[in-house]
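Please build the complex by placing chain H with the ligands on the supplied structure of chain S, with the hints as guidance.
Those protein sequences? They're chains S and H, same order as listed.
Going by the working numbering, 105 is the number at position 105 of the first sequence; the sequence numbering is gapless.
Going by the working numbering, 423 is the number at position 423 of the second sequence; the sequence numbering is gapless.
Heads up, a few of these hints could be off.
To be verified - Each computed PhoX-like pair below joins lysine-lysine, with the alpha-carbon atoms no more than 20 Å apart: (1) 57/S <-> 614/H; (2) 57/S <-> 564/H; (3) 723/H <-> 764/H; (4) 725/H <-> 764/H.
Hints listed in this document are in silico derivations from the structure and should not be mistaken for laboratory results.
What follows is the residue order along each chain.
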Amino acid sequence: MTGIPDTSTAIRWQDVAALTDLPALGGRLVVVPGGEIALLRNERDEIFAIDNRCPHKGGPLAEGAVSGHSVYCPLHNWRIDLTCGQACAPDVGQVRTWPVRVTDGRILIGLPL
Amino acid sequence: MTDRNDKKPRLVVVGNGMAGIRTIEELLKMAPDHYTITVCGDEPRPNYNRILLSPVLAGEMAFEDTVLNNWHWYHEHGITLHAGHRVTAINRGRKTVTTSDGLALPYDRLLLAQGSYPFVPDIPGRQLPGVVTYRTWEDVRVMQALEPGRTAVIVGGGLLGLEAAYGLAQQGVQVTVIHRHPWLLDRQMDRTGAELLHKSLIARGLALCLPAEVCAILGDDRVRGVRLTDGRELPADLLVFAVGIRPRIDLAQAAGLQCERGIIVDDTLQTFDPRIYAVGECVQHRGSTYGLVAPLFEQAKVAANHLAQYGRLRYTGSLTSTKLKVTGISLFSAGDFVGDPACEEISLLDPTAGIYKKVVLRDRKLHGILLYGDTALGPWLFQLLRAGADVSALRDHLLFGEPANDARHGPASAVDPLPDTAEICGCNGISKGTIVHAIRAQGLFTVDDVRRCTKASASCGSCTDLVAQLLASTLGGLYETTPPRRTLCACTDLTHDEVRDAIVTRKLLSARAVFAALEWKAPGGCPTCRPAVNYYVRTAWPVEATDDPQARFVNERVHANIQKDGTYSVIPRMYGGVTTPGELKRIAAVAERYAVPLVKLTGGQRIDLLGVRKQDLPAIWAEIGMPSGHAYGKALRTCKSCVGTDFCRFGTQDSTHLAIALEKRLERMWSPHKVKLAASGCPRNCAESTIKDFGVIGVDSGWEIYVGGNGGTKLRGGDLLTKVKTEDEVIEIAEAFMQLYRKEAYYLERTAPWIERVGLAHIKAAVLDHPATRRRLAAELRLAVSQESDPWAAAVGGELTIHTQALGPGGAS
Ligand code: SRM
Ligand SMILES: Cc1cc2nc3c(=O)[nH]c(=O)nc-3n(C[C@H](O)[C@H](O)[C@H](O)COP(=O)(O)OP(=O)(O)OC[C@H]3O[C@@H](n4cnc5c(N)ncnc54)[C@H](O)[C@@H]3O)c2cc1C
Ligand code: SF4
Ligand code: FES
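The following block holds chain S by itself, in its conformation from the complex (with noise of 0.2 Å):
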């Protein structure tokens, strides 16, 4: 995603939804300051936030399905690894990937000062 600056800086953790907001294998968009987040939880109930525009043709990654650490584009299902957020084979593609927290029933991203 463009919006999003670089978080090689410090960052700050901003709520975003309820663990009840996001079901699991589900996926929901966030819309943050400056772009578009794909939030992801997975059958064992790990996090992920990654942009939400698939490196293929901009796919909404949010409306994608979710299988252990990957998930699948909706439009023409790359697969895209939810750890690192790079295409898995043959394509090389990538998207940014955020960290994310839980406190108190709450999903935090860590967002860029």
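Here is chain H with the ligands on its own, set in the frame of chain S:
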């Protein structure tokens, strides 16, 4: 890297292409732990099948399908891959290679597998943007980016040039091929054959310009055209050079290795430095260089054998045959098909049928083969040629195949007369005997199985038909009747039927329960099995089972069809294609209020609002006040109708009435795949009832019912199921038929392939022969449909949650 690894000798491979990685695959088979392997490739991706770039360009295949070994494969075998790194120098004294990114990699053995450069003649303007070659995935991307209607000029009418030309033409680009020789494919064809080819390429819309030569490339900031030596100028938005290749020898040369046209190797594929091996297009062996994969794969085997220190095999050169990968054009040539005065020639030319066959004989042996239009005999003849067999006794049959073949089975079993040693897959050098043995010993049933286990037909794919014939002749009746064991997906070893049985007998009521009870390998399933299992559970237990929206594809979760830009479409139901002024006004008002970018009549006789933003969906549904048309679902779609008796002068039955009644009965029905219906009022069939999953045609005495029609990807005319007198009978049969389909077809199998699989007799038996069974099926369907409500109304009324709003800071939902 661990200590253990450090003790192993290090093998560094330069070139992540077809020959290099094939050598590694062969090596891993023999000595999986011998080396610590590092591969450098200057293409930024794992190893793919270069040959298949042509089908990708022609839109017949996706790039993903060309990957031979994905990233995971390298990881799994402990191979370090530096993709996107070019090796810039070999230091033979220190035994290291250095890369463009400054890596210095020490080696104990080095394998050069660098392939070749596409040659570009030194013509002014060759540096302009828009001038490309045809070699890599990047080249294909550039070609694919050219819009339909633009012009491309291909320089070179060889195999590669013609494949590029065909691929671009398939994209809608206007293509001209320039070739310096008086006929195309002059290395693979004689003039007679080339003339047939010429005609069929022109029929495919290609422009051909020959003999002709380019002397200048026109354009300032990018290519605009070319000038030919005869003064003509041709416009070009893209210029593709396919005029030959040059082995990549610069690296080896700079390192002081002996090179001529290629890197010189001996029969063990060793270069002049015994630590350095070389394979593939970059090598020169006994004076020859090669530009096809079959010889490279033979070299790979030998090189691997020596790298593994078996030291047994010798490479003595290859005899190659060529094919052209342009759909609908078959060409096979091998050996010297021109001959000299000492040769004899036997030929057959049928210009109308577009068939030309020719063999060249010398000293009673085959010396060259050229087949155009019908290449079935290629493998047989090539086998005779390679074996150097005396063919005098076969003279009469050479152009027709062995006599026994004609008499017994006709052309379908061109493989039968072949000896076991005959090569079926030219690319991988797999013989008939090897394939037949694998089919028997490993119990293979499908072409895919054979491909996986033997690699036959895994490269260019042009021998797929032969492999299928071998399956048929080896398995006999089994090939026809024994369906392959197809597991539902990679998450389980069970088939669709086994999973469905378990759902019924063990009363599994949700997708999650199935995954747990049947010990799924991935606890939450994958995008393939999740929707299927969710569907199976819901059909088996329509009342008790819980639907899991997360198991559904986005369209069925959002109840709208996702578009390429992430917006959605809204298609309300219009029963039987009939609407009212009131509905039209509401649709018009909504379209204006929400600035809907496109309002379109669909092929299913209803209206589509396209480009709707997700957050507007609920309001639009509420304001239109019409039920969902389920145009996004594996569900009942439409029932098309014609005007029928009410208005039409030919109408024999009230088709509109029946269409509405059918649609009302079946709406909200979920099914393995989408289901489309139609009702026409007379045999003129204006509603196209014979290409629908279920279609009826009115005749004077009642209704004819057709099932299993499909007008989509693969056209299939419906089968006449029966003829009945009344609307009620049609409806009951429709319900029973649908329920049978819902219970028996695999997920994502439409009625057409389902009926092909189970046979019409099976369907007749269930829905016609036993009225009790029919009534039971119809009742089951009514129960299932009665469990469903209109999803749009439910969403508007708050009974169904569809997340149409984004979350944001503060967490509002
Ligand atoms: C809207 C419509 C085109 C139109 O503007 O007319 C349409 C649009 C799509 N069709 Fe279609 N089809 C439409 C009528 C048809 C027809 C004609 C008909 O229904 O009479 C056919 C051939 C008849 C048939 O199915 O037998 C047709 C055969 C297909 C196929 C091939 C199905 C097959 O079995 O071979 C697909 C692909 C699939 O379903 O896998 C497809 C898939 C699609 C999808 C859903 C592609 C997708 O997955 O995104 C398109 C959605 C576009 C979008 O972004 O909204 N569409 N499609 C038509 C909607 C009809 C409706 O009112 O519901
Ligand atoms: C479009 C197309 C269609 C074809 N169709 C057919 C067909 O139908 N049948 C057939 O038999 N053959 C076909 N061929 C030819 C076949 O693809 C080649 O013969 C084969 O790929 C050669 O294998 P190779 O390993 O020698 O070279 P390549 O596959 O080209 O691999 C060499 C690799 O080494 C890399 N490399 C080179 N130098 C360096 C360096 N210094 N550092 C790092 N990496 C380097 C290159 O980037 C390349 O990835 C076709 C070729 C093309 C382009
Ligand atoms: S199918 Fe028959 S009834 Fe229907 S419009 Fe055509 S002619 Fe008229
Ligand atoms: S946009 Fe994601 S796969 Fe195509």
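query: Which of the listed hints are not met by the structure?
result: none
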